[in-house]
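Peer 1: These are the residues of each chain, in order.
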Amino acid sequence: MTVDEIRELIKLAMETGIAELEVQRGEDRVRIRGSGAVAREFVAAPQSAQQLFVPAAAAGPPAAAPAQPVKEKTDGAADPSLVLVKAPIVGTFYESPSPGAPPFVRVGERVQPGKVLCIIESMKLMNEIEAEVAGIVESKLVLSGQPVEYGEALFGIRAV
Amino acid sequence: MTVDEIRELIKLAMETGIAELEVQRGEDRVRIRGSGAVAREFVAAPQSAQQLFVPAAAAGPPAAAPAQPVKEKTDGAADPSLVLVKAPIVGTFYESPSPGAPPFVRVGERVQPGKVLCIIESMKLMNEIEAEVAGIVESKLVLSGQPVEYGEALFGIRAV
Amino acid sequence: MASGRFKKILIANRGEIAVRVISACKELGIETVAVYSEADRYSSHVRFADQAICIGPAKSARSYLDIPSIISAAEIANVDAIHPGYGFLSENAGFAEVCETSGLAFIGPKPDVIRLMGVKEQARAFMRDMGVPVLPGSTGVLQSPEEALEVAGQIGYPVILKASAGGGGRGMRVVREAADLAPLFVQAQQEAGAAFSSADVYLEKFIAVPRHIEFQVLADEFGSVEILGERECSIQRRHQKLVEEAPSPAMNDALRAEIAGVLQKALAAARYTNAGTVEFLMDEDGKLYFIEVNARVQVEHPVTELVTGIDIVKSQIRIAQGERLRSILRGPVTLRGHAIECRINAENPETFAPSPGRITGFHVPGSIGVRVDTWAYTDCVIPPYYDSLVAKLVVHGSDRAEAIRRMRRALDMFIIEGIHTSIPLHKRILDHPDFQEGRLDTNFISRLLAPPAKAETLA
Amino acid sequence: MASGRFKKILIANRGEIAVRVISACKELGIETVAVYSEADRYSSHVRFADQAICIGPAKSARSYLDIPSIISAAEIANVDAIHPGYGFLSENAGFAEVCETSGLAFIGPKPDVIRLMGVKEQARAFMRDMGVPVLPGSTGVLQSPEEALEVAGQIGYPVILKASAGGGGRGMRVVREAADLAPLFVQAQQEAGAAFSSADVYLEKFIAVPRHIEFQVLADEFGSVEILGERECSIQRRHQKLVEEAPSPAMNDALRAEIAGVLQKALAAARYTNAGTVEFLMDEDGKLYFIEVNARVQVEHPVTELVTGIDIVKSQIRIAQGERLRSILRGPVTLRGHAIECRINAENPETFAPSPGRITGFHVPGSIGVRVDTWAYTDCVIPPYYDSLVAKLVVHGSDRAEAIRRMRRALDMFIIEGIHTSIPLHKRILDHPDFQEGRLDTNFISRLLAPPAKAETLA
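Protein chains in written order, with my numbering: chain A, 31 to 190; chain B, 31 to 190; chain C, -7 to 451; chain D, -7 to 451.
These are calculated hints, taken from the structure and not from any lab test. Keep in mind that the hints are not guaranteed to be accurate.
To be verified - Calculated cross-link-like contacts (lysine to any residue; reagent style SDA-like; alpha-carbon spacing at most 25 Å):
(1) C:0 - D:422
(2) B:154 - D:52
(3) C:-1 - D:422
(4) D:233 - D:70
(5) C:51 - A:145
Could you build the full structure based on these sequences and the hints that come with them?
Peer 2: Following this line, the structure appears as structure tokens:
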């Protein structure tokens, strides 16, 4: 995950004002918490859960820990018009109906409730994930073919 | 130890603004801390150290703990004219030179530097404890014949 | 699929047993994948696993019991095997089957064996046929109150009605005389139906003052079965065990060897594999009667580990990898010293009301002979959604007397602040003369908790 | 006075060993009195003792080393006995004597035995006379550089100069050729004088690649001496042990039995009582040479406890109560499995700078085969005044390979936040092929820490 991607996620979390946002892509994971202070954690796989015992707002100075949460202040204002579409099941995310086909939706596109946004494959079954609100797709947060866990944010839709 | 005695100890701690005052008498112990909030701990012997892990100012709600620190607010203002005479050694406190004899000093009495205040017996040796300031004995904090630990407050002297 | 070294295992469980399995995997050099519900995001098993996947919301039915989510997580993490722990899906034959068809090794017995052991009166019939002593009782499911009356008349009262698919005391009724049988039969059926979606009940002789004694089993996939001695688990409240120990103070070498011999034969015939526990009741005369088989690792397995020196969870994994018991155990099973376990629960020690919440202070006892299995830590939150087990405190001593004194001091030195725990109750149990002298039975806790003889009525 | 059951014991120490002794006392039903300096007011030993007495300010000389304060505390608390732990006053014969004259049992050897063992070249002479193999060396204190030159010439270089009253590496000098001897002799004398208030030094053959192997002893007051096997403590940095294990990978049953036999005879002749450790160097050919006796319980005693099942600290107390070893041990000493200890220190794992301060997060590993001895807890403060030992992490496995894997996962699961600790260094040690294959010697750590062959010079 690049720094730019993380920056975008932080922006997203700050815009939406949600309490916490966690995104896992393969062995990378970002967790952002927005209660007063937004904490960012970005650690490689073997240490992926390294900071979990430490409440982000009170993280100590771990002596030789390889990565330390970076804290940034935010007002954490809620943005009710940005809707996060989250994975309702664990599985593999696909942005298009078949390899090589165009994606179901692109960033900037306007969608209506019921519009298929992506597929999550779970136990060989293809589960279509539909939009629940009308709006404009503002961000696509997972790469096609990547695994997603339950509750993982897939899209940000600006309700209109 | 009676509640009145404890009240007097708290008053003393508040007047002097010391960070902490601990008094042990036999199996009873009182500890008073004065950094912002004064916390009082009073627990019977087997639990005497029960609360030690809990920073007094942040004591949690110990589910079934037999005694819970009582917290009282104070301004913790220092009182530089009240001098605490503390035990410089571990031993047994005697207020008079021999059983039945009158005490070295009484509360309300005026003392000069060098005046013997009490004896602490340690390893069969009688160690005379002398006043280091001129003033009036305002409180006597230990009963004769009781053991005292290092640093335990013995007398409060109001410097004049 | 159940052979070849595993590279990566998914643990389909939470809490202390998930941490226990992670520990075993780490020692075997196997990578681990934790799954967790949204309520367990900050649990130790999430931290200590190499990888962690959120599989659903707090409710177990949509996370730890949700087979598609778990299998999906196993697929996206590309694991070789699944360890089910205890509870949740551990004795779900359907789950074991789905694992197999998904090309994943299920670390436990085969689905048909789980199924056989899961239907209690079938298991009982099988064991009786194999020469294992069972309580006199009905030969199968009772069809009517009339049939129950006839069987009870032959056996003699008191008798106990039990749900065929049951456990944990639900669907159970003690019947002391014939007149009570019919209404209690209906009650038991209704309760069984509600709890287990099967209203089948059976009946057997009721032992008024029984000990609960169980034998730990390991069996490989080549027909070898080893019995790792017994545990005594008579200290129970409403069929929930509170204290377990090994060996049982009521056991002797001859009886232990006799039962072990019979069980080896019976379980080999059942093609039993992996770990399991065979539960017995012991009557007032010291005779043992089979009750049921728990086809999984059990909460109280550490007491057996301490007296035998055998790592049961690592053995489970190695058996599932296709290793032979001979190479895992490397010698005969021997018992050394005495072990006791206390289940430290987040509950009021007097009312037994659950006490979820934040643990503000947590300090485990250590030093000689003390083992703690826990997922908790300072500042963790015990969620209200799952069982109340916070930690298993286990001690090992050179004999029972030393183990009791060691447990007593370990309880003194176990600090849990912020929630209620069962520690005060455990101290009362340990201090009781009956416990200290090994006079145990499953009514011990009722007696301990019984109010003084003449309870005053409040105005 | 050293007989009859103790009712109350004062522990003249701090840190993990004070908690260890309190644990033993609790298991024996003996009340405990902790003494503490002002810096240790919130230490665990203060909390877990039945009574606690502040004996002085932070500086050891005015608290834990202040004999009148400790004796006074013992008198006002009315105790029967004093356990000195290790370090501080534990090998101070004068303190043991004052205890005796004050009517207090000292839990350790008699003052004259402590004194004999404390003067190293006397102890060496005694042991040599009793048939214990010692390194070729001077027969007593060296009076001059000239005498040293003569003795070294007879033995052959390299030789090592040592302080008679010493320990911990102070007053030691390796001399590789005759030309260096005189100046190093003066240095060693000066350092010995400053550290131990005795400038006496002696000299012995220097083994370039030695293993450090020591035997645990228990002896009662009736002449019985038992050897509880050996420990290997070759993983040291500047004579401070970092990892210890039992048994030694370099030991065999024949050599163990031979040394045990010789030691039993020698220590019985010395009228040695209570616990102690006899330290040896092993040369490249596997021959053992006596170095010294530590007349006290040792930091690393848990590894012996784990493989023998014997509680050494409880044995110490019971011996001091006048019990017979026969009734304490109840059977021959047998070894089971393998144990390893890592000393987790509050220090930078690279620079070794001490790292006192507040521990903000503390979570000890648990589960099978893991023992932790510590006084620390979440939010405690490691004071800068004493040694840097935060916790002893000890594991037990069925063999050395399992113990190593278990230690490795326990290190992974040991969380200490807020200060630097030696945990990363311990992981490096455990991962090293030489360690895994048991190729140990006292230079292991120097090699591990050696900078890459061509260190660049900073501009």
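Peer 1: Each hint: holds or not?
Peer 2: Okay, the hints, checked on the actual structure:
1. As the CA atoms of residue 0 of chain C and residue 422 of chain D are separated by approximately 23 Å, the hinted pair is consistent with the 25 Å bound.
2. Simply put, residue 154 of chain B and residue 52 of chain D have alpha-carbon atoms about 23 Å apart, close enough for the 25 Å limit, and the pair holds.
3. This hinted pair checks out: residue -1 of chain C and residue 422 of chain D have alpha carbons roughly 22 Å apart, not beyond 25 Å.
4. Between the alpha carbons of residue 233 of chain D and residue 70 of chain D the distance comes to roughly 37 Å, so the proposed pair goes past 25 Å and is violated.
5. Restraint check for residue 51 of chain C and residue 145 of chain A: not satisfied, since their Cα atoms lie roughly 29 Å apart, outside the 25 Å limit.
In summary, the structure is inconsistent with hints 4 and 5 from the numbered list given earlier, while agreeing with the others.
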